[in-house]
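Novice: What follows is the residue order along each chain.
Number of protein chains: 2
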Amino acid sequence: MNREKISILFKDIQDNISDKIKSATGQNYLEDKWNYGSGKGGGRTRIFSNGDIEKAGVNFSSLSGNLSEKISNKIKGSGKAFFATGVSVVIHPKNPFVPSIHMNIRYLERNNKRWFGGGIDLTPYYISKKDIIDYHKKLKTICDKYDDSFYFNFKKQCDDYFYIKHRKETRGVGGLFFDNLDGESTENLNFVEDIGRNFSQIFLTFFNKNNSIKFSNKEKKFQTYRRGRYVEFNLVYDRGTLFGLETNGRIESILMSLPPTSEWIYNWSPEINSEESKLYKFLKPIDWLK
Amino acid sequence: MNREKISILFKDIQDNISDKIKSATGQNYLEDKWNYGSGKGGGRTRIFSNGDIEKAGVNFSSLSGNLSEKISNKIKGSGKAFFATGVSVVIHPKNPFVPSIHMNIRYLERNNKRWFGGGIDLTPYYISKKDIIDYHKKLKTICDKYDDSFYFNFKKQCDDYFYIKHRKETRGVGGLFFDNLDGESTENLNFVEDIGRNFSQIFLTFFNKNNSIKFSNKEKKFQTYRRGRYVEFNLVYDRGTLFGLETNGRIESILMSLPPTSEWIYNWSPEINSEESKLYKFLKPIDWLK
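If you're matching them up, the sequences are chains A and B in order. Mapping of the first sequence onto the working numbering: residues 38 to 327, in sequence order. Mapping of the second sequence onto the working numbering: residues 38 to 327, in sequence order.
These aren't lab readings, by the way, just hints derived from the structure by calculation. Take the hints with a grain of salt, since some may be wrong.
Which copy? The list can't say, so a pair holds if one copy fits it or any two copies do.
Said to hold, decoys possible - Below, a list of computed lysine to aspartate or glutamate pairs in the DMTMM-like style, where the Cα atoms sit at most 20 Å apart:
{"no.": "1", "residue 1": "K257", "residue 2": "E300"}
{"no.": "2", "residue 1": "K205", "residue 2": "E283"}
{"no.": "3", "residue 1": "K258", "residue 2": "E308"}
{"no.": "4", "residue 1": "K255", "residue 2": "E300"}
{"no.": "5", "residue 1": "K258", "residue 2": "E91"}
{"no.": "6", "residue 1": "K131", "residue 2": "E300"}
{"no.": "7", "residue 1": "K205", "residue 2": "E289"}
{"no.": "8", "residue 1": "K202", "residue 2": "E289"}
{"no.": "9", "residue 1": "K258", "residue 2": "E300"}
{"no.": "10", "residue 1": "K48", "residue 2": "E68"}
{"no.": "11", "residue 1": "K258", "residue 2": "E289"}
{"no.": "12", "residue 1": "K175", "residue 2": "D324"}
{"no.": "13", "residue 1": "K107", "residue 2": "E91"}
{"no.": "14", "residue 1": "K202", "residue 2": "E106"}
{"no.": "15", "residue 1": "K255", "residue 2": "E91"}
{"no.": "16", "residue 1": "K70", "residue 2": "E289"}
{"no.": "17", "residue 1": "K202", "residue 2": "D275"}
The shape of chain A in the complex, shown without the other chains:
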């Protein structure tokens, strides 16, 4: 697969997502262009903040270099030279009725190995079962265009990956997670492109539906508390974050995924039958489409 072409495509997906968020929210983003210090290439970090989108990063990067000894043994393939390009989006809305969402598509080369990876997952605070089902249906529709096994496999991998072991909770209500998809396949490129192209619509469905709901301090506080779980997952388990920290990546681009605010309250749990308690029923692997 042609590196350049994929980079250009991914860059266009970043443009598309940032434009759609801009139109829907009226917020503009701050853009930082950066160079990859230890090799060639770099990225464009775009940040929305201080509006209905309390904090979001819509990032593109395309870079090549040599893997360090330490990292070299941790990832697939052999040899030190690598190339990586990807789009990574994390949105933390202000309104607790709008879920946080994350999407990533990436293409990697190492020697003569090349592969795609990525996924999308949803982290709600207050949400109806119906909205989760609709979201999973959309993901299945995208997947089914390419391979009947994709949704089932990638949904399971998402549940496995976004699991906060020490809390015995999934980070959110899942979605798709995939890695090691053949990087020579045009079908696979079309698949990751499709995820990137559909992302805005998936997020904006939630945003447009719920952003005007009035929320109380109690609801904001619950969102802030739950964002603590997001921090715990990203700093303790997320391979992308830890890889970035170990490879001396651009720290502000790596940690842009962290929520704007978070809170830790000792031994807190929601009251029985409260609106907050409903979320906890969803924080495990569930077959949403059965």
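Following the hints, put chain B in place on chain A, whose structure we already have.
Specialist: Frame of chain A, contents of chain B only:
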């Protein structure tokens, strides 16, 4: 060394510290007694919150059990059976002019190996150089009673340990960090006891001096932002936290060290020559007593 005796001593140090904080702040603590699910023993977690002490944990534990395969290779000694007792304190004051502080003393046995570990370190938001020097002088005075090399060695180990590699900053202004001190030595027991007994006075010096200083939203926000670094250190690097998460320790006792609130602002840094910028000059290894 007699396990029981050390446990009783450590428990008394926990009582002493929680009583002193209670008297100084007028706040009472919430106590949770817990049993170690995977073995014998347990602990007493004591939490101060919602007052001048915005959040603090003063913990005691004494437990024995068998190390898992995974953990077994990561720590000193051989064999699966272990015994561990310790006191661990983390204080996050409300007022940004009062520093956060952490202290830990512990005793471990594994087969016929036994050793002491622990330390104390300070994480200020606004602080004068003089106050840092006074704090280090106190630590040196304690150390010098036992061994001329202690302060120098343990101060260096503290700088090395509490280093946030991805930020190129130390977590705070250091203190003492030690491990693998001979667990058969009464002198060493006296040393860790001395640290435990002196802790309240060290913290309360800062608290009594600065807790009545009026602070602005800007100053509170800076503290909240800097607390993000505390979270980053504890979840990415702190061996005690990661050990606790991997050994299925009591999660709320392990994560009590996290600050009550924190904030991540994309690419933020203090204005040049601002009060906030002064802190950054201290966040590296400095020979305070030269």
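Novice: Which numbered conditions among the earlier hints are violated in the structure presented, ordered from lowest to highest?
Specialist: 13
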